[in-house]
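Keeping the supplied structure of chain C fixed, place chain Z upon it in accordance with the hints.
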Amino acid sequence: MDKDTDFGSGYFGIALLYFKSIVNYRVEIVARIVRGLIAPLATVILWTVIYAASNTTVINGFPSSDIFIYFFLTAALARVFPVVDVSQDMQSDIKSGDIAASLMRPMNYPLLQFATSFGDTFVDFIFITMPIFLLVCVIAGFIPASVNTAVFAVEIVLGFLMTYLMFFFVGCLAAYFVNINGIVNVLLWVFNVLGGRLIPLSVFPTWIASILALLPFGTVFYLPVVTLSGFASWSYIETGILVMLAWTAIFLMMSVIMWKISREKIMASGG
Amino acid sequence: MNDNMVANAIEIRDVRKTFITYEGESLGLLAMLMKKKTEKRALKGVSFNVKKGSITALLGKNGSGKSTMIKLLVGIMPPDKGTVRVLGMDPWRDRIKLARHTGVVLGAHPSMFVDLPAIQSFDYMRRIYKVPKREFEERQEHFIRMLELEEVAKRRQVRELSLGEKMKCNFVAAVLHNPELIILDEPTIGVDLPSTLKIRKAALELQKKYGATFLIATHILEDVKVLAENVVIMDQGNIVFNDSKSRLGRLFGNYKMVEIYFTKGAKMNFSELGTIVDKREAYVKLRIKGGKGKDKLLTQFLTKKEVIDYNVSTPEIGDVMGKFYSER
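Listed in order, the protein sequences are those of chains C and Z.
The numbering of the first sequence is my numbering, which starts it at 1 and goes up by one.
The numbering of the second sequence is my numbering, which starts it at 272 and goes up by one.
Derived by calculation from the structure, the hints in this document are not laboratory data.
Don't be surprised by glycine CBs; every beta carbon is placed ideally from N, CA and C.
Worth double-checking, as some hints may not be accurate.
Stated by the list, open to error - The calculated lysine-lysine pairs, modelled on PhoX-like cross-linking and capped at a C-alpha distance of 25 Å, are:
#1 K404(Z) x K20(C)
#2 K594(Z) x K496(Z)
#3 K560(Z) x K527(Z)
#4 K265(C) x K306(Z)
#5 K307(Z) x K95(C)
#6 K265(C) x K95(C)
#7 K352(Z) x K260(C)
#8 K20(C) x K425(Z)
#9 K95(C) x K308(Z)
#10 K306(Z) x K95(C)
#11 K527(Z) x K95(C)
#12 K265(C) x K307(Z)
#13 K265(C) x K315(Z)
#14 K565(Z) x K550(Z)
#15 K560(Z) x K496(Z)
#16 K401(Z) x K20(C)
Claimed, not checked - Some residues of chain Z that are not near chain C, with every Cβ distance over 12 Å (derived):
#17 E294
#18 M305
#19 K323
#20 H413
#21 N441
#22 Y481
#23 K560
#24 D566
#25 K567
As the list claims (entries may be wrong) - Quick list of simulated restraints, FRET-style, between CB atoms:
#26 S433(Z) x S96(C): 15 to 23 Å
#27 G334(Z) x Y176(C): 21 to 29 Å
#28 S96(C) x S517(Z): 35 to 43 Å
#29 T57(C) x M305(Z): 41 to 49 Å
#30 P131(C) x K401(Z): 19 to 27 Å
#31 G334(Z) x I257(C): 51 to 59 Å
#32 R364(Z) x R35(C): 28 to 36 Å
#33 E493(Z) x Q88(C): 36 to 44 Å
#34 M253(C) x K307(Z): 30 to 38 Å
#35 G334(Z) x M253(C): 36 to 44 Å
#36 Q428(Z) x I183(C): 49 to 57 Å
Pulled out of the complex, with its shape left as it was, chain C reads as follows (with noise of 0.2 Å):
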């Protein structure tokens, strides 16, 4: 490409500058590697607990010796989802008006914002989704498979999507009641109750484990953790992707349809 006319995409753009911004504070960074090990640190100690508790080596077909693995790769997942920071981003944007800024840009908003979520979450994948797999690979003497692996990062990429997607819509409510804080925070335990961070799907009773496996929360923790860790059947992982992409799908035409109609109302809402 010529170089003068070399005008890159405006939305990787903004994913970089996002990127430069946030890597410019060294302490946030070394804070959100802690925050990303407290978590699942302080998660492995509830279930030893409770396995010590029960007198058990194994929970509904999870065996204690698995515990360190899958909870610490959920937390690196956990970190790759744009999960409550799409929509927070949102209200904050709504509230003071400064949503005004973006759209005298040429530039679509979601798209805008998906960058946003990008640049952000690159931050975390190099600082502590990539140093905790390492970890977990390193301790646990854990080596997943390269099919498993490959799986695996299209399950990140469909979660990705369907979680900025699902946020994105809830993050156009804030264009109605302007404080969506309470609604996200619901979404959020919602997500990390059913959707595998704080209990594997596995240890619920196999009907319940079965309508999660049908929800778009089920997908984004668990279906990828026993992808990468060889957890699950074929089948199961199979079925796990068709339902993100129905997910992801109809959060897609939830977002277009909402993004919409809140449109005209956002600038209504804000300073």
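This is chain Z only, laid out in the frame that chain C set:
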């Protein structure tokens, strides 16, 4: 595209906009849970044009409808009724296309990455507005030099800059893509005088050299005095004045303030000249309405031997606006 569209950068016809707000009726702890739905009519049938290549000031008190008007013009909000045409486009429908031809500075809202030097945001503007690199670099260097931002824009994070420096950077970011229409919402609010002067100089250059059209919403009357050719005044969602700045002066500034120092004890009939604003021993300040007859009378009066010294001044734009609002 008809002739009007070519001649006018902005055409607003009978535009109306109403907001629904929820207001608490008392100060009680739970008052906001029982809010009352109210309608606020922000624009009540507004019509005006802005000629291509002109500088128009959009004035009005807080809550007069200026900001709503600007949001309609850049397409981030649709009108309830009426027509908005900007550069021949419907801003709501063609927001992205229109944004390529407009530059906007919203004084109250940040438009740059605060954690990075401004130059990084400028480069981002180059990408999203698709400005060829060479052209962009020339314009960037020109405005950086003109607004004295060399050190500031290239090395320091935007959040560390003073308000004046941030505003100058915002201005540069808004004009790098050579927009046909530049909308400035409070561009010099809280900005120090040297920075204000530089922003005004850059605005005038853009108009004269590149033929850019400006719509400037401001409370700073000096901006109006130095920059504007036309003035649109809004009040409570209506246009209450829409004409040239000189006509505003003729209508509401057609008077002189005259200070006369005279010998102690002199008996002079000042009231035949105009209204006495201030009177002390051997000093009087008068407000004299215009008219050739009055000028002749004043000249004769000032040549009287009792008059030691005098000072005649015409009203500043601030005085004109003050009179405009007081007479409404």
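Check your understanding: Does K265(C) pair with K95(C) here, judged by a C-alpha cut-off of 25 Å?
Key -> The given pair, whose Cα atoms are some 12 Å apart, holds under the 25 Å limit.
**Study point:** Holds or violated: K404(Z) to K20(C), with C-alpha atoms at most 25 Å apart
**Key:** holds (22 Å)
Point to revise | Pair hint K95(C) and K308(Z), alpha-carbon separation not exceeding 25 Å | key: Judged against 25 Å, a Cα distance of about 19 Å means the pair holds.
Review point. Are the Cα positions of K307(Z) and K95(C) separated by 25 Å at most?
Key: holds (20 Å)
Review point. So does R364(Z) sit 28 to 36 Å from R35(C), Cβ to Cβ?
Key: The hinted range 28 to 36 Å is violated for R364(Z) and R35(C), with Cβ atoms some 44 Å apart.
Practice item. Take the C-alpha atoms of K560(Z) and K527(Z), compute the straight-line distance between them, and say whether it is at most 25 Å. Key: holds (6 Å)
Check your understanding: Do the alpha carbons of K527(Z) and K95(C) lie within 25 Å of each other, as the hint requires?
Key -> violated (47 Å)
Practice item. Note whether the CB distance of T57(C) and M305(Z) lies within 41 to 49 Å or breaks it. Key: This hint is violated: roughly 57 Å between Cβ atoms.
Exercise for review: Would you assess whether K323(Z), listed as outside the interface, keeps its beta-carbon beyond 12 Å of every beta-carbon in chain C?
Suggested key: holds (20 Å)
Review point. Does the structure keep K306(Z) and K95(C) at a Cα separation of 25 Å or less?
Key: holds (18 Å)
Practice item. Measure nothing beyond the straight line between the CA atoms of K565(Z) and K550(Z); if it is 25 Å or shorter, mark the hint as holding. Key: Roughly 20 Å between the alpha carbons, so the hint for K565(Z) and K550(Z) holds.
Review point. Do the alpha carbons of K594(Z) and K496(Z) lie within 25 Å of each other, as the hint requires?
Key: holds (16 Å)
The structure fails hints 11, 21, 29, 30, 31, 32 and 36 (numbered hints given earlier, in ascending order).
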